[in-house]
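Chains W and Z, in that order, give the protein sequences.
Residues 1 to 339, numbered by this note's numbering, are exactly what the first sequence covers, in order.
Residues 1 to 339, numbered by this note's numbering, are exactly what the second sequence covers, in order.
One or more of the hints may lead you astray.
One copy or two, it doesn't matter: identical chains are merged, so the pair holds either way.
Stated by the list, open to error - Here are the simulated DSBU-like cross-link-like pairs (lysine-lysine), alpha carbons at most 35 Å apart as the crow flies:
(1) K208 to K253
(2) K137 to K118
(3) K137 to K253
(4) K63 to K137
(5) K209 to K63
Treat the hints as calculated values from the structure; they're not laboratory data.
Number of protein chains: 2
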Amino acid sequence: MEAEQRINMSHGDGGESAHRLLNGVILPALTGTESREPLGDAALLPFPSAGKLAVTTDSFVIKPLFFPGGDIGKLAVAGTVNDLAVSGAVPLYLTVSFILEEGLPVEHLRTICRSMAKEAAVSGIRVAAGDTKVVGKGDCDGLFINTTGIGVVEPGAELRPQLIEEGDAVVVTGTLGDHGIAVLTAREELGLMSEIPSDCATLFPMLKKAREVSADIRILRDPTRGGLATALAEICEDYRLTVELEEELLPVKPEVEGACELMGFDPLYLANEGKAVLILPARDVPAVLDALRYFPEGRNACLVGMVTGREKGQLLIRTPFGSTRRLYRLAGSMLPRIC
Amino acid sequence: MEAEQRINMSHGDGGESAHRLLNGVILPALTGTESREPLGDAALLPFPSAGKLAVTTDSFVIKPLFFPGGDIGKLAVAGTVNDLAVSGAVPLYLTVSFILEEGLPVEHLRTICRSMAKEAAVSGIRVAAGDTKVVGKGDCDGLFINTTGIGVVEPGAELRPQLIEEGDAVVVTGTLGDHGIAVLTAREELGLMSEIPSDCATLFPMLKKAREVSADIRILRDPTRGGLATALAEICEDYRLTVELEEELLPVKPEVEGACELMGFDPLYLANEGKAVLILPARDVPAVLDALRYFPEGRNACLVGMVTGREKGQLLIRTPFGSTRRLYRLAGSMLPRIC
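Sequences and hints are given; from them, build the entire structure.
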């Protein structure tokens, strides 16, 4: 690839250049190997003889490609692994598909692939299949990635949201809104602000530990687009629950709070990329908080509310002054292209 | 969705509009259902207790979105199912991820989803998980789709390319280059030509039948980007085979041949989207051709060459005048954005 510093249309045609890009750049950076078995049209892989298949897919179109605390590659792998982890699955295989814009520096692609490999190692997920397409200058914005994650939910490891009951606790694993504000500062739309790093992180090891200390965690969700409020509003609606959040308990970094005040954002609706929300019996909260806080990405884990009823399907928030209001899913666009 | 005729940025934010687009447009057209089980972060699915997992992924960026014989949705489903089928797998699950450009008519998305549902029914593959992202006007070209296919290779159903031997036959299931020329005519780059339909089709039922009549089909491949020559050159290289094609035997429609002569293309390198190449023992050729020709998409199936040696890894073609030349993978770009 010495002579080819930028992506050109022939990298996408399935011929010799595409072959060189795959074997010279993508595979070495993504899997650490120069040559592999002949690549067939589909990868053939072992799957445990018991357990359910867990499948999730996401396309990533974040702008900019590189931001404080991560890049699109780290985000794609962490985001997909997190979707598996919050479904109770052990991550097994990842597919990676790139759409590249003509003119993209090959070095950016290499850096992003390396970042994906590093993040995949955190959970042990293995890149199993891939694809590369190239579109002309102006036909996409730099680089898009699709990742599909495949995992196994071992027998007995299914989460049981239908067992949620009044008095269960709602826990979040850390501060809210970091990713949304990080992307904004990276776009220099908040020119005066200091850099705020994204929380982008793989949550599988931490959530695995939490489930080891409490077999009764009822549901896990990662509050990405739409933020904590949208994730919880959906849970309330899907399972006919009333959840009451305590506004005072919601963890928000002072600099994120400052940026939100300045821009008129609500951290409850801002995207997170390294946070989970858990509903579990109140008796297990101390042990689970201990387990979460053992991990750097869980050091700010805390209780934020309770399940106060069934049937109604409402997410409520109580202010420090004692008044209560209802929260809905995010309505209208807040920040485009944050993931 | 009455009031929303076009995609806007809020359709991609994970909130209320995204929810309406998913439940009001995408799911009804894609799965025929209005409401479903609560959608978690990953789908949990049964998987056979024996057999290997087959996984393939592809992003589709074809331009234009609609072309004679198909559209990007049909192409994505057929292409992904074909990758599973040529790997010896039974298709089980499909993930579908859209990247939509702000301003895209919602009706186009609906038509494409319906077309995906129709094509999925041909093989019985089930849409298991999905994702929708929206990018600003000019940040992508209309609509891109990623599909990831998951299948099972039943015990004993693995293809065995390592058993290929001298004297084995090379069969193609139909005429070459139709898809490449169809896309060109759809772009009106060949204004004077009559419309040539793409061969875009799901090959699973036909290939299943062929494997039922011959248990010794050694390898299957779908010659998409890069065409038949690139697919066979890769097989020759991967398994150290010499394959000799007979130029006279290669099936090409007269109108495709005409377009190729006019434009300087070689049908051996043009993309197909509904063709497979098979290598099998010569004794099984008559029965396999009968099985293939029973299907409309296989009516032009024919023998095109032989395996003439091992070790060298060369694809050769013999002209009607008796001379032989070597064919290589496609070098350089031929037609951008054909899939």
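A quick look at each hint next to the structure:
1. K208 to K253: within (26 Å within a copy, 58 Å between copies)
2. K137 to K118: both (29 Å within a copy, 33 Å between copies)
3. K137 to K253: Result: close only across copies, 34 Å inter versus 39 Å intra.
4. K63 to K137: both (17 Å within a copy, 14 Å between copies)
5. K209 to K63: within (33 Å within a copy, 47 Å between copies)
Of the hints listed earlier, there is not a single one the structure fails to meet.
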